[in-house]
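Just so you know, the sequences run in chain order V and G. Numbering follows full-length UniProt numbering, with no gaps: position 116 of the first sequence is 116. Numbering follows full-length UniProt numbering, with no gaps: position 320 of the second sequence is 320.
Please note that the accuracy of each hint is not assured.
For chains that are exact copies, the list does not tell them apart, and a pair is met inside one copy or across any two.
[What the hints assert, rightly or not] Derived pair list, reagent style SDA-like, types lysine to any residue, alpha-carbon separation capped at 25 Å:
{"no.": "1", "residue 1": "407", "residue 2": "302"}
{"no.": "2", "residue 1": "330", "residue 2": "72"}
{"no.": "3", "residue 1": "330", "residue 2": "246"}
{"no.": "4", "residue 1": "330", "residue 2": "174"}
{"no.": "5", "residue 1": "330", "residue 2": "220"}
These are computed hints drawn from the structure, not numbers from a lab. Note that the structure is predicted; figures quoted are calculated from it, not measured.
Listed here are the chains, written in short residue letters.
Protein chains: 2
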Amino acid sequence: MSQTPDSAVHPAPSDAVRAHIAAHRSAFLDDLAAWLRIPSVSAQPERSGDVRRSADWLSEKLTRTGFTTVEVWETDGAPAVFAEWPSGLPDAPTVLVYGHHDVQPAAREDGWHTEPFEPTVIDGRMYGRGAADDKGQVLFHTLGVQAHLAATGRTAPAVNLKLLVEGEEESGSPHFRALVEQHADRLAADLAIVSDTGMWSETTPTVCTGMRGVADCEIDFYGPDQDIHSGSFGGAVPNPATVAGRIVAALHDDTERVAIPGFYDGVTELSEAERALIAELPFDEAAWLTTAKSHGTLGEAGHSTLERVWARPTAEVNGIGGGYQGPGGKTIVPASAHLKLSFRLVAGQDPAHIETAVRGWLAGLVPAGIRYEIAFGAPTRPCLTPLDHPALKAVAGAMSRAFDGAKVRYTREGGSGPAADLQDVLGAPVLFLGISVPSDGWHAPNEKIELDLLMKGVETTAYLWSDLPAALRADAPGA
Amino acid sequence: MSQTPDSAVHPAPSDAVRAHIAAHRSAFLDDLAAWLRIPSVSAQPERSGDVRRSADWLSEKLTRTGFTTVEVWETDGAPAVFAEWPSGLPDAPTVLVYGHHDVQPAAREDGWHTEPFEPTVIDGRMYGRGAADDKGQVLFHTLGVQAHLAATGRTAPAVNLKLLVEGEEESGSPHFRALVEQHADRLAADLAIVSDTGMWSETTPTVCTGMRGVADCEIDFYGPDQDIHSGSFGGAVPNPATVAGRIVAALHDDTERVAIPGFYDGVTELSEAERALIAELPFDEAAWLTTAKSHGTLGEAGHSTLERVWARPTAEVNGIGGGYQGPGGKTIVPASAHLKLSFRLVAGQDPAHIETAVRGWLAGLVPAGIRYEIAFGAPTRPCLTPLDHPALKAVAGAMSRAFDGAKVRYTREGGSGPAADLQDVLGAPVLFLGISVPSDGWHAPNEKIELDLLMKGVETTAYLWSDLPAALRADAPGA
Ligand SMILES: [Zn+2]
Ligand SMILES: [Zn+2]
């Protein structure tokens, strides 16, 4: 095979990819273990040195992998790592891979059977904090691009490959949007691939196609200037805690649909085809409820549980408080009450429009004699890749090859994340490529990664970088 | 005048009553000041010795006044004082006067212009903690019965006079009901007179005819076993904070009437005559709102503010809590939420029936997947004396004489108090005789009593003990 770049992109043969992976699996896992030993817990200030060590370790590893540019990017918080490896091909698409190198806190006494920062392989699984979320899933890209090169005989990937690995995801990515905005030109891409999610199960490979957005607000209701006696005044003055309750009750109608006028404006409804695909998934509601630690389902009429958490917007009460909350009773009309609400948003919903809708709805419900204040946090937009997007088809195809021809299905993620910032700032569609499974224990004791699945991730990317240029070209206008 | 008891009860002439009061006013006020110097704050454990000193001081004063039996009654908390002065007349009615000798906490730095426990007379007012609530209003009964004797020439009152002065009213009377039950035979009376309320204003003498009762409950709602992620699960599982809000909203209908089925069962409605009497009162709603520290009125449709707080039952949210209440936001479906509700009750409502109604109503509203617990506290019954009760007419008549023939009007008290225990245990109607005015500053800095009004209280009782036997006899069956 030629060792010089050429302008034709050849497919990566499976046997060559698999041979490369097999040859390098052991060294790769040693690297992963080394990285997992660095307790890069972004939420613990005393670990900030470890977060930096983690960034430095990753930089060294990416350089060793072959990335031509590797930089540690400072933020007002923990550092991120950026790496770039140009294709050399004039018409190569540019792909930006996103992940994070910080991890959740972990301590042996939380219920770990092994030391959380001493990775341990047992029965084909590597246990350790960050194994799945997200170091394992960042790292498979290093062996993946090398397998891609080995199998295609190229010296640079067939796509312009960029990596952005942030260091504060587990702390809510407080500086991520600013970072992306600051480096928007360096990060420019045709496509973003987020490797920080998972698949349906070990036996059902899936690609996530979108995340919900979120808008949140805090509402403070003020009634009497101080708590007043409910005997002397109760029944004749408005009670802010009662008003808060009424606002909560007014969030939904009798069908559990959000009752705020305008809330559903622009919502991208699920097509019948998408609903059918979701319905085909082997969903075990009882098992899901166990995971949800909940004792019943309740949601928007006319939608299944999966549709509700993946594709439907919500209004949720995150917190409520007012009046006396100590032991026993206190016969007062409280001076104030407070609500924390959040709204999950789906594709087509505009957070600014939601804010306007909520403000207008609220203004019409608060009675005279109650003053209120409402403040919104910074929203996260929803993101969604259409099922017929060529990149999505390429990802699913590559994954199917890695999974021996298994049918790849589509999921969504109910949560919200920094992926939306990439979509917003870069104007690029976002795909989600993850091989973690629900049993991996994200944010829980005994987090692990299935090593065979990890290699499927490696393999998927090895194929993907080969397949993507043609897939995107085929779909280009005029193609 | 005869100095021996006789069996005919003569009216107490005004000039004789007033002459006696004038002659003893100064010594009486010295006594009141001495009592006010004892900081009998029942809510402060370090003052328990002072509360006992206060009981002892009162015992000595009552003995000096002429009461034939004076006892300090122990409770599981602070001591009460009981005193008795039999009439000697075979058919004399028995009257039990209720008051309390404990006071609210007070400290100079709370905004007092004088030392709270160093009573100070300025411009005809005595300032000091307890001046109006309730030492002044207990003590006027001592000079009152002496004026009654002096003006009628009797050596014992024309009624069998009993006094019960508790020491924990400002701490919620936790042992009062047990005390009344324990001594029910000693306390037996045809009538209870509570001197622990006030009048409408300096220029509008009034008699309070009833208090609302109160039933309270705490409701805990449990959803997920722990706070769960609102992105992963929100929109598909029931949220206990949302349920708490819906329960709050369901408390009332659109007319602010309590919407719990059966809640109004048995309610003694205001007659048109009573409504007219209330409407005649010189009510300044703006001033009332200032007192209520509220910024608007809201209550049951079809009723005025005074009707709402005096004569209508209510459902009030005293406290609500659930989920995240700290700074910022947290996107969770909370594990639990909690409500503290209280219901003011009016005559005709039975607390046990209310509890049953609330439990049934709640059970029908909580969705599957939410577990709840509800617990009721000990209720306080409402009490109400009919406007045509002869004792009420006697009290109003005596008060009118003391106020130079002014028309005495009727009020009610929206709060709830130990008066209901007297009514329940003793089976006696309860009347309220108080001469305090709204500006007296109960529970606030610079509490005071108007000395001229205090003397009107003395004078009212001097007449009342003379008038009551005939008034009750006239109304007795067969009279
Ligand atoms: Zn992650
Ligand atoms: Zn009092």
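We went through each hint and held it up to the structure:
1. Within a single copy, residue 407 and residue 302 get their C-alpha atoms no closer than 28 Å, and across copies no closer than 68 Å, so neither meets the 25 Å cut-off.
2. Neither within a single protomer nor between protomers do residue 330 and residue 72 lie at most 25 Å apart by alpha-carbon distance, with minima of 56 Å and 30 Å respectively.
3. Taking CA atoms no more than 25 Å apart as the test, residue 330 paired with residue 246 passes in both settings, with 21 Å inside one copy and 22 Å between copies.
4. Taking identical chains as interchangeable, the C-alpha atoms of residue 330 and residue 174 lie at most 25 Å apart only when they sit on different chains, with a minimum of 14 Å there against 40 Å within one chain.
5. Taking the closest pair of Cα atoms, residue 330 and residue 220 come within 25 Å of each other both inside a single copy (21 Å) and across two copies (16 Å).
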